[in-house]
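A.B. asks: With chain B held as given, fit chain F with the ligand onto it using these hints.
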Amino acid sequence: MSEKILMKGNEAVAEAAIRAGCRLYFAYPITPQSELIEYMAKTLPKVNGTFLQAESEVAAINMVYGAAGTGKRVMTSSSSPGISLKMEGISYIAGANLPAVIINVQRGGPGLGDIQPAQGDYFQATKGGGHGDYRLIVIAPSSVQEFADSASLAFDLADKYLNPVMILSDGLLGQMMEPVEFKPRVSDEEIEKHSEMHYDWCMRPNEDGPNHHHHEINSLEIDPEVLETHVNKLAEKYKKIEENEIRYEAYNINENNEMVCCAFGTAARIVKSAIDTLNSEGHNIGLIRPITVWPFPTQAIADSIHDKVKNVMTFELNLGQMVEDVKLAVNGKVPVGFYGKVGGVVFTPEEIIEKIKENLGGK
Amino acid sequence: MKVIASRPKALTDAQFTYCPGCLHGVAHRLIAEAIDELGIQNNTMGVAPVGCSVFAYKFFDIDMAEAAHGRAPAVATGMKRARPDMNVFTYQGDGDLAAIGTAEIIHAANRGENISVFFVNNAIYGMTGGQMAPTSLPDMKTTTSPYGRKTSDVGYPIQVCELLSSLIAPYYIERVSLLSPTDIIKAKKAVLKAMKFNTEKRGFTFVEFVSTCPTNWGINPVDSLKWAKDNMIPFFKPGVYRDKSVEEAK
Ligand SMILES: Cc1ncc(C[n+]2csc(CCOP(=O)(O)OP(=O)(O)O)c2C)c(N)n1
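Residue numbers (this note's numbering), protein chains in the order written: chain B, 1 to 363; chain F, 1 to 250.
None of these hints come from the bench; they were simulated from the model. From a predicted model like this one, the values you see are computed outputs, not experimental measurements. There is no bait here: all hints are sound.
Result set (DSS-like, lysine-lysine): computed pairs, CA atoms no more than 27 Å apart in a straight line:
#, chain 1, residue 1, chain 2, residue 2
1, B, K160, B, K237
2, B, K233, F, K58
3, B, K272, B, K8
4, F, K58, B, K237
5, F, K250, F, K189
6, B, K357, B, K310
7, B, K46, F, K201
8, F, K188, F, K250
9, F, K244, F, K186
10, B, K42, F, K201
11, B, K237, B, K327
12, F, K237, F, K196
With beta-carbon atoms standing in for the labels, derived distance ranges:
#, chain 1, residue 1, chain 2, residue 2, range
13, B, K240, F, A249, 56 to 62 Å
14, B, E207, F, G112, 26 to 32 Å
15, B, K42, F, L167, 23 to 29 Å
Glycine included, each C-beta is placed from N, C-alpha and C at the ideal position.
Isolated chain F (complex conformation):
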């Protein structure tokens, strides 16, 4: 019998701890597939964040470190500097990366640190139960913005790809989404690119996934895909924000 689908080798058989309809599992799978396809399972290390994906170290079948909230890029920096022969990536949520860990991500990017960062933007704090994130949309209701995110009071959502692409050092920055099969195929290409550049030691690579959180948005999984498409995509525009390989090819 021919196997046409299976679990990527770079994922363990541990059961995901995610809610029904959550897209963290999809993002994990894309990264694991890329590790398999690049044949780098034996020399890749990852950093799990604090957030819903805190147990990512159990799910990826590679050496992993669990970082303090927001500090994954610093932890990855230490790992990469200690082991330049290995590929290093972080996996982070929006609270982790764009609130408490803002300094770490900006400076890792600015150093052109040879790591890949995978950023899952679901516009909310999932793990702690639906509080406002730095990426929550204007007027979006969360448990800590019960009257809607008032931009006059707490500002606008942070557009991380735009922010990081103001820096000179980053090698590759792309925003993708996980909202449809087509989007997921595009996302896979971006993940593969980011990790391949990483194996080639080209510098800092960054992929943002526009994602959902049905549980904390209070919207069923199918409708949450539509909600994200209608509300998040206009604000968090998918696209390549930096690709030095294109410039280099010229």
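The shape of chain B in the complex, shown without the other chains:
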């Protein structure tokens, strides 16, 4: 077992990405993710990696597109306004079936908003954001350890499905320090293997003589029937991802739950501590915490509604976004309530306790 190191979330995920074999990183500075770009600037050159500060988030995501087209592990990171700028590029990456990792250290919005933690980009991350029919795999960590671990998971999923993967974090997780244990650094041979698995489609030297391969990285299909086939193939891939990659934490879910709560990321940490207090007072409240917010743990939520559950409460640091998916999962079985804070204001466990108490008994 390696030792635990006290680290900020932004730095931990950067270190974990490098350990996972990321040797190419393109980004533009923005608070509250700047420690991430700075860590990459400092560390990537030491492992013969490429760090490049792009002229904008638009350029950064397009650099990612180009590098991903060569089959190498590549990443970018930003915070909400910068992620908005990346949306066109993300749509192209998804349309061209490219593996890439994008980190969003969310802050308050809309517009320039503020630099405090928020979860207002849930819709953007899980419902599109960019144009066209595409899906991102979206991982929403809720501790510094999980933030770090999500890096190798994100790269593995991106490589497996040839799909962009977003890590949906927030300013709190990015800035907070917690002890982290890192996985060992993958070897250069493993890094080579990561890219070799893409050799049948990626752009690379044509060693076997002229015209042996002609690889196109592209999302354009001008013939509607060809594009239809292409998009339907994407749909099949998304279905496979939904079948295989749903991840969630079921916290104190049991047959005697009075209430089930739903929350992700930073919000879930706070809800968890509220639930601990209430359960120590004799209540029985459970929590479903989606770890992948897409694919969404719809079935897990549906299955958690045991007979004594009177209602479901969803807590988010936004005006109510994931709650729409929770309602679809609960499908009218019991009422679904919502409580949120916006503008970068984070609720306290006491507020959550109060909200849960107000709503206990299906009120």
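C.D. replies: Below, chain F with the ligand alone, put in the same frame as chain B:
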């Protein structure tokens, strides 16, 4: 029988999608010939833009990426940084490079990115049907400047070679034209130079082609060559704007 002319190896047998009289095909051919002559077909990657040449990835028989509108220099940067062992070029129109992609081209040039950029300036947006480009000439009528480009309202055409040669990093910048056989021979030399410097990792190389768009100018192909010579060449002056190899040789 002796073959005296054939399709360059670096072009596929896909049929060009260009209008009659369009010079994109000529520019493609020059680049493909240079790839053949330098023997770099196996280790060259290109980036196609959004514009009439959007299908360039089908025409060049090398590995190619199709970029979002204006982003080709950023995409090429990602490709080159990921694969420094390969030669990388972009192929871009004037709307792509000098309007929506202005930031990307300036910064790729300013980084001295080890790529070649081929810039086809036809003073108009071809693909979308003849709208005003950042390079449209003063008083030029287009579908979005139906009364002529009013410089008091939308400024003057951007002279990209002049603009980029204000930067320190670029290695080689030349403007050529495709308006006559002599011009095309000169253009070929420039393309070859740009790509050769690229294989030698000397830095950022840039070739602008003054070109035509008979369809959207509403002028027949032959007359459009004359129109370009009379109207574009005085504004977009051919010449070498930067060649560090000359300075280095001193
Ligand atoms: C983001 C975005 N904006 C607009 C367009 C529409 N569009 C396609 S091609 C083009 C202009 C291309 O003109 P130019 O770069 O001069 O190349 P040409 O077609 O003349 O060769 C535009 C505006 C697009 N595809 N994407």
